Each structure stands twice: as structure tokens, then as C-alpha cells.
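Starting from the given sequences, assemble the full structure and let the hints guide the process.
Going down the list, the protein sequences come from chains C and G. Sequential numbering of the first sequence, starting at 0, is according to numbering that gives the first Met the number 0. Sequential numbering of the second sequence, starting at 0, is according to numbering that gives the first Met the number 0.
In short, the hints are calculated from the structure, not lab data. Warning: the hint list may mix true and false statements.
Stated by the list, open to error - Below, simulated DMTMM-like cross-link-like pairs (lysine to aspartate or glutamate); rule was C-alpha separation at most 25 Å, straight line:
(1) C/Lys154 x G/Glu185
(2) C/Lys223 x C/Glu204
(3) C/Lys224 x G/Asp60
(4) C/Lys305 x G/Glu439
(5) G/Lys510 x C/Asp127
(6) C/Lys223 x C/Asp194
(7) C/Lys223 x C/Asp202
(8) C/Lys323 x G/Glu57
(9) C/Lys305 x G/Glu57
(10) C/Lys444 x G/Glu57
(11) G/Lys466 x C/Asp194
(12) G/Lys254 x C/Glu204
(13) C/Lys286 x G/Glu439
Every value quoted in this text rests on a predicted model; they were computed, and no experiment measured them.
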Amino acid sequence: MRYLPLSLADRAEMLGVIGAGSVDDLFVDVPAAARLPGPVAGLPHHASEMAVERHMTALAAQNLSAGAAPFFLGAGAYRHHVPASVDHLIQRGEFLTAYTPYQPEIAQGTLQVLFEFQTQVARLLGTDVANASMYDGSTACWEAIAMAARITRRKKAVLSGGLHPHYVSTAATMARFTGDVLDTRAPMLDAVPDDAATIAAIDAETSCVVVQYPDILGRIPDLKKIAAAAQAHGALMIAVVTEPVALGLIEAPGKLGADIVVGEGQALGVGLQFGGPYLGLFGCREKYVRQMPGRLCGQTVDATGKRGFVLTLSTREQHIRREKATSNICTNAGLCALAFSIHMTLLGGAGLAQLARVNHARAQQLATRLAAVPGVTVLNRAYFNEFTVILPRDARDVVRELADLRVLGGVSLGRLYPHEAALANGLLVTATELTSPEDIEALGKALEGVLA
Amino acid sequence: MNAPNPSGWRPAMGVAAPDGFESPTVSGDRALMLEEPLIFELRQPGTTGVDIDDLGLEPLDALAGFLRAEAPALPGLTEPETVRHYTRLSRQNYAIDLGPFPLGSCTMKHNPRLNEKLARLPGFADVHPLQPQQTVRGALAAINELAVWLIELTGMHGVAMSPKAGAHGELCGLLCIKAAIEARGEDRSVILVPESAHGTNPATAAFAGFSVESIPATADGRVDLAALTAKLGPHVAGVMITNPNTCGLFERDMKAISDAVHAAGGYVYCDGANFNAIVGKVRPGDLGIDAMHINLHKTFSTPHGGGGPGSGPVVLSQALAPFGPLPWTARMADGTVRLIEEEDAATEMPTSFGRMAAFHGQMGMFTRALTYILSHGADGLRQVAEDAVLNANYVLRSLDDVLEAPFGAAGPCMHEALFSDAGLAEGFSTLDIAKGLIDEGFHPMTVYFPLVVHGAMLIEPTETESKAGLDRFIASMRSLASRAKAGDETLKSAPHFAPRRRLDETLAARKPVLTWQG
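As C-alpha cells, this is what we get:
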């Protein structure tokens, strides 16, 4: 077996040192009835690299990959160009096969990356501080709600109608079991988000108001106004960013009054990967840092006075505080944070701004083309790289018919909101720097055909 | 002594070389020991290392009022600068690729590169989670194939694939338990957790809204069955047991524990962090387990990546599977695989507790784990457990004459060997041995965990270490143990040869500097 270095002679010699007659003697504590007599029955035995590669390649070939078709999906996962050096560097064995940096003397590589990552994320989100990553945007969102409850000692969170429905569901699952109360609403098919409804729901019991920016329909809420309303009631504002590239162009939520900003970092460096692993971003005001979940990397010095980095403030964390920890999170998204950070290092703030402009321009060109399709209207007044169009019939069917034509035409609101009939004709479409004029024309033509 | 680089950064290097030879360098580097500034010290904001095709820009009128006042103040490095920055940083990390990484309970085994190659096939890596299901048949089939393996290897009834790491899997299991108890119309608020448990166990129970009660260990390092049974009652929702446990021992009474908990109306959660010891040898389902997470990044070799991403599918018993999360992967009568999402949940999975994260789980880890499993097969996985346990016992018996092994006299260990700091010279501790190991070229073992043993040293070699590699590790450990017993003061200032000496963690926590302040 190519991954197992012990030879038969090694095993015999080692058993001799141990003083055991056979390897089964080492499993003596397992009750005899529970010991399997041989390999689990009914499963295949070991296979060569070639055989495994053949099998997995055949499975992969059954999927229509985003790069093989005109592609317009977003809704919390975005397809961007990732420079070749990103994937090369994250495969350095010293990054790929290292553990959590609990021994800082021999983990300065990972730790310095985390320190740079935290700085990049904080500057991108406009927050004082950021942590070393969470699992993904949806779980980071719940952690932020739980953190706001700890800070305000209140248990009611107001979720704007523009929050990604998966994020709402994730929070609802947790709230059902923790006794937190969620005040939720479905989005309305309006050109601008209903900020007034969000604000009206905030009261003296509210711990936080959660606002996605841009929202699930691609619209841009007025964070400043909502933050002021939250503050007036002693509640925190949590901004949720599912497309961080947008922050190259639109104002950082932290600059607009958000107390906590969480996000999905997948768009930079990580790739689509059918939904995971992704990367939770988490930033907040400095005064709340001891209530934050997750790992934090901090600067210090070593015994000879050299600058170095360590994991810090770990008395918040489960391995020290156990049931009193701020979160149960242990493993985070380290390698995805590295990919994000390398991509961000290549771009810089200026490159991100340019990338964002190109994304917005492609989306504008897409909107112009789709508005010319008979029966199709563009919903949004403002948007970044993603917006909603209203079709003359159920968008779920249209998406499937487009897929039959090998066009991945967007995300139907019916997929996201299966129980909201009023949204059924909505289609969410995204354009990025990877969207070519030919792709846009292909979608326009295909839609004309399908809707004819 | 060192010349500043153009940005003004200079490494604050100590001047004494390890052997006492005074040789400051102008650069601050020492041959292959390379210092590296922060990206913020390498370049100023306003630069970029990416060429972006613009294909014509459009006016920004529609975004008036929303535009960012200024671009994020972040430098952009060109590709050569970027590659060099991260390559230099990588050399300050220890990694499995460099040598043994015997962290107990972490299962740092070799990460096969075939896994990496196949996870990057565009059909897996470049697929959007919300594509129409007709365009992702192969991806769903891959998830299901892994699901079948996990169910068969554990002897369980179903598996939740979406949890994103071990602790997230614990949460999944406890939410299933909570939902099942609710469905019975009962209110049970307590989870019992042994004092030797991973910190995530009590933290997860609290995160899910339970209160936690601790169960003591017996003198032989196992759960005290009598104490556990005494705590059972109508308020107890379940127990969380790690098996093999964090002392590296198999819980011999596991079936009796399960039977007692079930008789009292509770459920049994098993922390599967240590599944590597028993994969292919024992099926947790045969021991009465109701839920167990499987760390794909431990037993099934997906890379730890400096702290993640993990992946924590949860195998479930017949009693708990109906309460599992959405989306749920189900095989249809015609053999195809389908995702059950909110749309069909009311008819196909009405008792699901709901979604616990966006999308379907850690697909990139599923493809790696499936590749690993197919490579080993049922026979190879059994050999994995046997070799992992053999290696750990070899370490145990090669060191138990120089270090105190608290449970060593009672019999063999499973996949990890546990030692205490008993017998070290006055003023010497586990930390000194750990830091000494760094100088010897090894990653330290897990230290000060489990909490039930004083100055614990928990060594998990895994099956991918050769005998020769173990012998070198053992020789270093024997030397360190005798130095610590003899009171060798040089050990107290170890490591001497690492890129950094002992770091001031108190300073870091007292005055947190979490972002670059330049």
C-alpha cells in the first residue's frame, strides 16, 4: 500500500519490542463482539493511483463546470479569476500540511499570514479588527448575532429582508434551540430595499439588526440610516457582505456605522468548489474584541526581542474556557484565508478597485442586454455585479431550460425561496470580470428562445 | 546593525549565533534562515500585481451615493514579489511534509497529492452550489459515494454531510438529539461530558443551549460508568463520549454506557476525532452510538492547511437520522442522487432540524477524502488503524522506562501514547520537552491535554511514519527526557535553533496588536 511505510519485517520487529504476539493483541480493550473479523464487507479493496484517477475523473466529467458554459450564477458564491500563483503557493507543503499554529516558534509563516490577513480584512470591511477566519459567511453571520446578544444582553435579532435565505435558515436553526428570537421578513420585488421596514422592526428589545450589503437581490441598502436607527435603540448593526469584491467600489460597512461586519470571502482566491470549503470573514469594533468568536493572531516579541506573532486572547476559546467559551469553533478556514490573502496581496486596494469597476461594467452591459429581451425587466435601481430580472414565468423552469441549452443562466428566486410564490418569476444574474461579451449575448439569445 | 530596507523595515535580529559565534549580517538573514517583512512594509498602497482586462468601463452614475471614499489602504505586490514573500514565509513553518508531527488527537498523517490533483478537476472545483441539479450529477454522486463509505465503515444508518468541521459536526449531532427529544414532547436540558473531553464538547453543548455536567474518570483513564449511571435521569438529553478517548484508550464499557443512556431515554454522541485508531476494525454503530462526527481532515487525510478547512460529516443512528440537517443527500429508487432542500423538505424530510450552513458542505474535502478512501479500500483502511495503533504502542514501550506513562502498566494504548511530567527535575516541565523537540527537528506532541493527567504529553505518530522515522523521534525523546531529569538548564531556554525563540504570549494578550498599525 503506497501510503503505508511499515514493512512486514518492521511490524514483526515492533511487535517484539512491544511484547505483543500480534497486532490484534493491541486491540484487547475492544470487546470481542465488536471486533470485525476482517475488512468491512461489501466495500472495494485498495486501488492504484491510475484506477482512482479514472473513477474520479469520470464523476467530474458528469458535471457542467462553470468555465465550460456561459455562466451567471452568484447568490453568495462568485466566480472570479484567480491568479495562477495563488493555487501554486497554497500547495507549498509548509502551508498545506501544517497544523493550527499552536507552537509559534515553528509556525511564524502561518502566523504572519494570519496577521496580514486580519489587517487586509479589517481594511476591506472598514472595521478596527478582524479575526483569523470562520467556516463561511452563513455561520459567521450566526456567530455575529450570538455575539451581539452577549454584548447587549438582549435576545431579539432583526433580520432584513435582503439577507441571504440560507443565512436566515442557518440563524433560524440555531435560534430555535438557543431561545433567541429572530424577526425576519421575505424581500419584496422592489427596485430598492425596504430599509424602512427593517428600521421599523427595531425596538428596545433588539440586540442587533442584520443587513446584507449588497442584498440578496443585488440592491444596496442605506447602512448609515439603519445603523443610526439601531444605535438609537441601543442595538448593534451587523453588516453581511457576500461579495467582497463589491467593497472595491462601494463604501466599507464599518465606515457606515456597522458594529460587526461579517462576510463570505470565497470570491477572492478560493473558487466555487460546489459550495465549500469557503471562508468566513469577521470584523468588529475594537471594544468588542473580547467577545469575538474564533482565533486571533497578535503581534509580540520573542525572548531575543525579535518581532513575532502568536495566537492570542485564547481565554475566549473552547480549548481554554470550555462551556464558557464565546463559540465552539476550533478548526477554521486557514488555507482558504491564505488563498484570500495571497489574492488580495496581488490585487492590492488599487487592483481591487479596478477589478470592482470591471465587474460593475460587465453587469451594466448584461443589464442592458437582458432589458432588451421581450418580457424581461430589470428590477434594481442600484447594483454592483449582481441584479434581479423579472421573467414572464417561473424562473425555476427557465433556469432548467437554459441549462438544457448549456447556459448556466443564474439563480432562480424559486430555488432560494420555494415557499414565496410572489418571487417565483425572479431571476438573479451575476456578471464578473470573467463574463465575456459573447457570454452576455449567449444568455440574451437563449432567454429570447426560451421565453418566445 | 542591520541596514533598513527601502520601506524602513529591518529585522530586529539577535546578534548571537546559536554556537556563540558573533556574526551579525547586514540583511538580517542568515543563509537559509530568511527573515521576511510584512506586505505593508514591502510596498505602499496604490500598487497592484494584477493586470485586469477592462473591455470598456461604464459610468458609475447608478452607484452615486454608495461609492467608497477611497480604495482599501492595501499594497499590491507584483507576482515575483508575491511568490517570494509567501515562499519565504512558508519556510518558517514546520509541516508534515518536513517530518513527524505527533500531535495527539490531531492525526497529522501524510496528505496524498492525488487528493489535491483530483479535487482540482474543473468538474468538482469549478461548479457552483446552486447550479441546476441536472448539471451536477457527478458531484452529487461523489458526495453520495463518500456518504455510503462513511455509513458502512461506521455501521450507522445515515450521514449528514454539511457540517464544516469537527465542532460543527458536534453541533449537528446535538441539534439532532435536541430535535428528537422535542419530537417526543420532552424537555431535557443536560449533556454529560467526561472531564477528559476535548474543549469543543462542552463548548458545543453550551452553544446548542444545553447545560453541561462533568463525569469523572476512573483510575485507569476511562469514563466512570457508575458515576455516569448515577447522573442519568429524565433531565439528561445525552452524553458526549470520545472513543478511543483522549487518554488514547478504548472505552471498554462503551456498549454498557450506551445501553444505560438509552434506558434512561438519552442519546449517545461520540466524538469521532480518534476514529483513525479503529477505522475498519470496529464499527461505532455496533457499540450503540447515535451520532458521531468524522473529521475528514484527520482520519481521511484532507490537509489541515495551518488550521483548516476541516470537514465534519456526522453519521447518525436510525433514531436520529430523520432529524438531520438540510440539504440532505438522498439516493433515489432509480439510483440517481438528489439533494433534499427546503423545497421538498416538508414531504421528504419533515422532521429535519433545518439548515446549519449555506450550501451542501465541504465539497473540496469530500473529493479528497473519497480519493483517499478509494486508494486504501476496505483492506487498506483496516491496515491504517492497525499500523497507527502499532506505531503508538511502539513509542509507548520505547519511552515508558524514561517517562511516566500513567496508564501504561494496564495494557496497550490505541493510536496515541500518553505520558506525564512525573519524574522531571524540579522546575522542569512538559513545555521544556516540547520546546526541546523543536530544536531536535520535530513538531512537539500535544501538551497539557488531556487535563486529567499532570503535564500531559500526548503522542500520536499515525500510520504514515516509518519505523526509521519513529526511531529517530524516540532517540530524541529519550535524550530530552534524561536532560529534563538531570536539570539541564539549556533546555529551559529552548528552542535555540527555530526562527523565533519563546514568544511573549502575555504581552500579546495584555496589549493586543491584531492588525498592522503602520
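The hints, checked one at a time:
Restraint check for C/Lys154 and G/Glu185: satisfied, since their Cα atoms lie roughly 24 Å apart, inside the 25 Å limit. With a C-alpha separation of about 21 Å, the suggested pair C/Lys223 and C/Glu204 falls inside the 25 Å cut-off, and the hint holds. With a C-alpha separation of about 21 Å, the suggested pair C/Lys224 and G/Asp60 falls inside the 25 Å cut-off, and the hint holds. Under the criterion of a C-alpha separation no larger than 25 Å, the hint pairing C/Lys305 with G/Glu439 is consistent with the structure, at around 22 Å.
Of the pairs offered as hints, the one joining G/Lys510 and C/Asp127 holds, with about 15 Å between alpha carbons and a cut-off of 25 Å not exceeded. Between C/Lys223 and C/Asp194 the alpha-carbon distance is near 11 Å, which keeps this suggested pair within the 25 Å criterion. Only pairs whose Cα atoms come within 25 Å are accepted, and C/Lys223 paired with C/Asp202 is accepted, the gap being roughly 17 Å. For the given pair, C/Lys323 sits about 52 Å from G/Glu57 by alpha-carbon distance, which is inconsistent with the 25 Å threshold.
For the proposed pair C/Lys305 and G/Glu57, the alpha carbon gap of about 49 Å is over 25 Å, so the pair is violated. At most 25 Å may separate the alpha-carbon atoms for a hinted pair to count; C/Lys444 and G/Glu57 meet this at roughly 23 Å. Simply put, G/Lys466 and C/Asp194 have alpha-carbon atoms about 65 Å apart, too far for the 25 Å limit, and the pair is violated. A hinted pair counts as satisfied when its Cα atoms are at most 25 Å apart, and G/Lys254 with C/Glu204 does not qualify at roughly 47 Å.
Between C/Lys286 and G/Glu439 the CA atoms are separated by roughly 42 Å; this puts the pair beyond 25 Å, and the hint is violated.
This entry does not satisfy hints 8, 9, 11, 12, 13, going by the numbered hints stated previously.
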